[in-house]
Amino acid sequence: MTEGPSPRAKTLQRLGRMFVIRLGHAVFLLLAVTIFTFTLLHLAPGDAAQVWAGAQGGASAEQIEQIRVEYGLDRPFPQQLASYVGNAATGDFGDSFFFRQPVSELVLARVWPTILLVLTSLGIAILGGVILGVWTARRPTAPSSHVITAVALFGFSAPIFWTGIMLLLIFSSWLNLLPSHGMNSVTVGDGFFEQAWDTFLHLILPASTLGFFYMAQYSRISRVSMLEVLGSDYVRTARAKGLKERSVIWKHALRNAVIPVVTIAGFQVGALLSGGILVETVFEWPGMGRLAFEAVLRRDTPILMGMLIISTFIVIVANLLTDVAYRVIDPRIRFAKP
Amino acid sequence: MSNHLLEVNNLSVSFGSFTAVDDVSFHLDAGETLAIVGESGSGKTVTALSIMRLLEQSSRGRITSGEILLNPPNDTVMDLADLPEERLRQVRGNFVSMIFQEPLTALNPVFSVQSQLIEAIRSHRPVAKETAREMALEMMAKVRIPEPAERLKQHPHELSGGMRQRVMIAQALALNPQILIADEPTTALDVTIQAQVLGLIKDLQEEMGSAVIMITHDMGVVAQIADRVVVMRNSKVVETGAVEQIFGAPEHPYTKALLAAVPKLGSMNHTDKPEKFPLVEQTT
Numbered sequence: 023m024t025e026g027p028s029p030r031a032k033t034l035q036r037l038g039r040m041f042v043i044r045l046g047h048a049v050f051l052l053l054a055v056t057i058f059t060f061t062l063l064h065l066a067p068g069d070a071a072q073v074w075a076g077a078q079g080g081a082s083a084e085q086i087e088q089i090r091v092e093y094g095l096d097r098p099f100p101q102q103l104a105s106y107v108g109n110a111a112t113g114d115f116g117d118s119f120f121f122r123q124p125v126s127e128l129v130l131a132r133v134w135p136t137i138l139l140v141l142t143s144l145g146i147a148i149l150g151g152v153i154l155g156v157w158t159a160r161r162p163t164a165p166s167s168h169v170i171t172a173v174a175l176f177g178f179s180a181p182i183f184w185t186g187i188m189l190l191l192i193f194s195s196w197l198n199l200l201p202s203h204g205m206n207s208v209t210v211g212d213g214f215f216e217q218a219w220d221t222f223l224h225l226i227l228p229a230s231t232l233g234f235f236y237m238a239q240y241s242r243i244s245r246v247s248m249l250e251v252l253g254s255d256y257v258r259t260a261r262a263k264g265l266k267e268r269s270v271i272w273k274h275a276l277r278n279a280v281i282p283v284v285t286i287a288g289f290q291v292g293a294l295l296s297g298g299i300l301v302e303t304v305f306e307w308p309g310m311g312r313l314a315f316e317a318v319l320r321r322d323t324p325i326l327m328g329m330l331i332i333s334t335f336i337v338i339v340a341n342l343l344t345d346v347a348y349r350v351i352d353p354r355i356r357f358a359k360p
Numbered sequence: 205m206s207n208h209l210l211e212v213n214n215l216s217v218s219f220g221s222f223t224a225v226d227d228v229s230f231h232l233d234a235g236e237t238l239a240i241v242g243e244s245g246s247g248k249t250v251t252a253l254s255i256m257r258l259l260e261q262s263s264r265g266r267i268t269s270g271e272i273l274l275n276p277p278n279d280t281v282m283d284l285a286d287l288p289e290e291r292l293r294q295v296r297g298n299f300v301s302m303i304f305q306e307p308l309t310a311l312n313p314v315f316s317v318q319s320q321l322i323e324a325i326r327s328h329r330p331v332a333k334e335t336a337r338e339m340a341l342e343m344m345a346k347v348r349i350p351e352p353a354e355r356l357k358q359h360p361h362e363l364s365g366g367m368r369q370r371v372m373i374a375q376a377l378a379l380n381p382q383i384l385i386a387d388e389p390t391t392a393l394d395v396t397i398q399a400q401v402l403g404l405i406k407d408l409q410e411e412m413g414s415a416v417i418m419i420t421h422d423m424g425v426v427a428q429i430a431d432r433v434v435v436m437r438n439s440k441v442v443e444t445g446a447v448e449q450i451f452g453a454p455e456h457p458y459t460k461a462l463l464a465a466v467p468k469l470g471s472m473n474h475t476d477k478p479e480k481f482p483l484v485e486q487t488t
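Keeping their order, the protein sequence lines are chains P and B. Okay, so the first sequence: first residue is 23 according to this note's numbering, each after it adds one. Okay, so the second sequence: first residue is 205 according to this note's numbering, each after it adds one.
The shape of chain P in the complex, shown without the other chains:
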């Protein structure tokens, strides 16, 4: 009898196969999003060259034509699309009409602040939501649970920009505890830790605004999921074998209850990116959201396209990480064929 590969090797093999399949999906999806959005932007009424010329204080017909030629807008649509896709594949998303700089440079400079904001918000939302969900599931009829549910619903019902403005008023204007806008103070020194601490202080309000909004959802999902799991046979077994209640709840029950939370988290990265636009605008956070917002107003299509492709890429990566997280949490999925 020959020995087969060890379980660990099999798991790695399956993960490898999953990565390859997902990579194929990702390339296809990015291509589809690129073609679709390029077509949509092309079909939108108005002429980018005219809008841009208007923004510069007006231009003659010859100058507008020159802009068209310069940006390749005079070529037939299929040719424009093919050349855009070809360039995008090499990381060249063209130049911004407004900034006259490569889009990749503009977007790359703003993608990290956005990722920092989104990940911190997601962390606040998941951590806070799960803790509140577990708390309310363990004491479903306690007054504290009703208060948490009410506050969570309020947090979810209030518009993000309103919550942001309220937090600004309270913590920045009245209490003067936290900075009100931007990502770094002008007066901050050069030291790494000094800068990191300054960024952290600037991050608290925008990340909390975005995080609180989604925390409400996570607390509701975790509560329902936890209630179901707490009634399961294996939780009874865990108690019957004399485990500490802390271990029953936070190990045996939570690992099962957290699966729906992971699902939602994967989906929500996209929503967080768009929710980030409002927060970045309120707090003047120098991220992609604000750039996108201004690009829409300026009809700066190369920036919009670049942002959409990078956002799609971020969402794809988030979903891939969700898949990996599933497999880490639940062995039944780990051993399933991708």
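For the record, the hints were derived by calculation from the structure and aren't laboratory data. This one's a predicted model, so the numbers in the text were calculated from it and none came from an experiment. None of the hints are false.
Computed footprint of chain B on chain P, listed as stretches where at least three residues anywhere in the stretch have a Cβ under 8 Å from a Cβ of chain B:
1. 260-268
2. 347-356
Here's a subset of chain B near chain P, in silico, CB distances under 7 Å, partners left out:
3. Met256
4. Leu258
5. Arg293
6. Arg296
7. Asn298
8. Met302
9. Glu306
10. Ala310
11. Asn312
12. Val314
13. Ser327
14. His359
15. His361
Every residue, glycine too, gets a C-beta built ideally from N, C-alpha and C.
With the hints as your guide, set chain B onto chain P.
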């Protein structure tokens, strides 16, 4: 208190205004097998869960009166009905263990068999992980699981129902408890596996000297495994006695009806179709 290992006196359990167990008393001696029999809803499982005090968190049941006295050798008598949570935790799995009806859902699906067994051992014994693993491996062999080292690394969904119940038994008996409560451990298994699991419980009981409380509705199981029988109906105990007495000369009409309901091999000879067995009036 007398020398019984476990003595349940006048136990009543309620779920809100509903009384699920009403003034139930019985005892269990060291090394013996007590069967609690009765139909669905008679209160037998609630009685078992009350002994483990597993009702409060999972289903909001409450012990309203009575006492559950555990008298472990070399230890003081304790009333499980009134024991603080931390002390109760030390009793569960250590002095009194329990296995359940549904082996498919009783093990946590996201942890390996090994981690669940090791955790059960280390929550009561201050041993190193490796020692606990060796103890787990020994128990897996004891419950006659083939290739125990391989099985130990697997997750519950990779095992069959009978195998999972064996793992549950291994987990329950890992610390050599004085009492094993088996709540219909064979109901969810097919007939051949049922016989194997019952035989295993019986063998391990003899080997390890534990007392067993077997909850069942199957008189065949009772005959095969029990020393004494408690018959329950409508939340109350209707009859208690040695297994020979219950089978030989049942006193209560309900016990007689339960025994009459057991199909007998050859009883349908010379009949065209199965005959209905006598029902017991609800008032008896």
